[in-house]
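The numbering used here puts the sequence shown at residues 4 to 245.
Treat the hints as calculated values from the structure; they're not laboratory data. Worth double-checking, as some hints may not be accurate.
Derived DSS-like pairs (lysine-lysine); straight-line CA-CA distance at most 27 angstroms [what the hints assert, rightly or not]:
{"no.": "1", "residue 1": "Lys-193", "residue 2": "Lys-136"}
{"no.": "2", "residue 1": "Lys-150", "residue 2": "Lys-66"}
{"no.": "3", "residue 1": "Lys-60", "residue 2": "Lys-42"}
{"no.": "4", "residue 1": "Lys-150", "residue 2": "Lys-60"}
{"no.": "5", "residue 1": "Lys-193", "residue 2": "Lys-42"}
{"no.": "6", "residue 1": "Lys-85", "residue 2": "Lys-42"}
For each label pair, taking beta carbons as the anchor points, the in silico distance ranges come out as [as the list claims (entries may be wrong)]:
{"no.": "7", "residue 1": "Tyr-5", "residue 2": "Met-125", "range": "17 to 23 angstroms"}
{"no.": "8", "residue 1": "Asn-241", "residue 2": "Leu-137", "range": "36 to 42 angstroms"}
{"no.": "9", "residue 1": "Glu-71", "residue 2": "Leu-224", "range": "16 to 22 angstroms"}
{"no.": "10", "residue 1": "Tyr-5", "residue 2": "Lys-174", "range": "34 to 40 angstroms"}
{"no.": "11", "residue 1": "Glu-123", "residue 2": "Lys-174", "range": "40 to 46 angstroms"}
{"no.": "12", "residue 1": "Lys-240", "residue 2": "Lys-150", "range": "46 to 52 angstroms"}
{"no.": "13", "residue 1": "Ile-18", "residue 2": "Asn-241", "range": "20 to 26 angstroms"}
{"no.": "14", "residue 1": "Arg-200", "residue 2": "Asn-7", "range": "36 to 42 angstroms"}
{"no.": "15", "residue 1": "Pro-109", "residue 2": "His-226", "range": "40 to 46 angstroms"}
{"no.": "16", "residue 1": "Glu-110", "residue 2": "Pro-167", "range": "28 to 34 angstroms"}
{"no.": "17", "residue 1": "Arg-151", "residue 2": "Met-4", "range": "23 to 29 angstroms"}
{"no.": "18", "residue 1": "Lys-174", "residue 2": "Asp-67", "range": "38 to 44 angstroms"}
{"no.": "19", "residue 1": "Trp-219", "residue 2": "His-78", "range": "27 to 33 angstroms"}
{"no.": "20", "residue 1": "Ile-168", "residue 2": "Leu-133", "range": "22 to 28 angstroms"}
We treat Cβ as the ideally placed atom computed from N, Cα and C, and that holds for glycine.
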Amino acid sequence: MYINMKDGCEIYVQILGQGYPILFLHGNSLSSRYFFRQKVLAERYQLIFMDSRGQGKSSKVTKDITFEQMSNDIHQVLETLKIKSCLIVGHSDGANLALMHCQQFPEEVEGMLLNGGNYEFMGLRPFSRLTAKLEIFGFDLLGLLSKRFKKMSAVVQLQKVDIPIDKALLKCLEIPVFVAVGQHDMILYKHSQEMARFFKHGRLIVVPHHGHFIAWTKPNLFHQLVDQLVILILEQKNPIES
């Protein structure tokens with residue numbers, strides 16, 4: 004299904020299953036199809052797969068895209084679906100977007116699984132920073148020749164964007180947050196460690212012998228992390244009286 008944003012952009016959304024709602028946010032230049040291995044979770048949860056603007060089946064744009072803008076898209080999607088709050092699972096740029104959203108609309112976020120996110124460009128390993136710069140430069144040049152590449156350029160630019168962090172706000176959030184990275188991830192370990200420390204109930208999880216795409220390469224563990232977060236969220240909402 005498509006949901007129209009206030010600026011006319013169409014955001015593609017796929018909904019599977021019933022139960023506790025989980026929103027999945029994909030990485031840069033990908034789509035919600037990245038989470039194809041996670042569809043089995045529809046057996047016990049309501050899964051909301053969303054293509055961010057300019058990507059996947061959502062409207063392509065030639066203008067600059069911002070994380071603030073994409074967070075507003077999330078807000079409108081959840082509002083349209085009448086979902087007041089949910090668990091957000093974000094990969095790479097999707098994790099960065101989740102970080103932005105929990106600051107813009109904290110009431111809509113009950114927990115987060117942040118996989119391979121970098122709130123600052125310098126959070127990438129040196130080689131990954133170099134390849135990102137080359138990709139951005141290449142699409143900038145190609146965008147001068149083709150509207151198609153100009154649309155792709157608007158998306159890849161997000162790789163160099165730093166997410167503004169309100170540490171005081173994040174520390175006040177009473178939500179469970181898992182920051183998950185692979186041992187061989189493109190994200191610096193210290194950066195992921197710092198991200199987990201932003202949150203009162205933050206936890207860093209390092210997956211041995213894996214890289215940036217653990218939802219693909221280690222799906223069973225990924226699903227266990229989702230299950231654990233849902234349990235923590237429901238326990239917070241319905242505490243057991245001693």
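Hint by hint, here is what the structure shows:
1. Lys-193 with Lys-136: holds, 22 angstroms
2. Lys-150 with Lys-66: The given pair, whose Cα atoms are some 11 angstroms apart, holds under the 27 angstroms limit.
3. Lys-60 with Lys-42: holds, 18 angstroms
4. Lys-150 with Lys-60: holds, 17 angstroms
5. Lys-193 with Lys-42: violated, 31 angstroms
6. Lys-85 with Lys-42: Between Lys-85 and Lys-42 the Cα gap is close to 21 angstroms, so the pair holds against 27 angstroms.
7. Tyr-5 with Met-125: 17 to 23 angstroms: This hint is violated: roughly 37 angstroms between Cβ atoms.
8. Asn-241 with Leu-137: 36 to 42 angstroms: Violated, since Asn-241 and Leu-137 (Cβ atoms, about 50 angstroms apart) do not stay within the stated range.
9. Glu-71 with Leu-224: 16 to 22 angstroms: violated, 32 angstroms
10. Tyr-5 with Lys-174: 34 to 40 angstroms: holds, 37 angstroms
11. Glu-123 with Lys-174: 40 to 46 angstroms: violated, 18 angstroms
12. Lys-240 with Lys-150: 46 to 52 angstroms: Cβ of Lys-240 to Cβ of Lys-150: about 47 angstroms, so the range 46 to 52 angstroms holds.
13. Ile-18 with Asn-241: 20 to 26 angstroms: holds, 24 angstroms
14. Arg-200 with Asn-7: 36 to 42 angstroms: holds, 39 angstroms
15. Pro-109 with His-226: 40 to 46 angstroms: violated, 26 angstroms
16. Glu-110 with Pro-167: 28 to 34 angstroms: violated, 19 angstroms
17. Arg-151 with Met-4: 23 to 29 angstroms: holds, 25 angstroms
18. Lys-174 with Asp-67: 38 to 44 angstroms: For Lys-174 and Asp-67 the Cβ distance comes to about 31 angstroms; the hint is violated.
19. Trp-219 with His-78: 27 to 33 angstroms: Hint holds: Cβ distance 29 angstroms, inside 27 to 33 angstroms.
20. Ile-168 with Leu-133: 22 to 28 angstroms: holds, 24 angstroms
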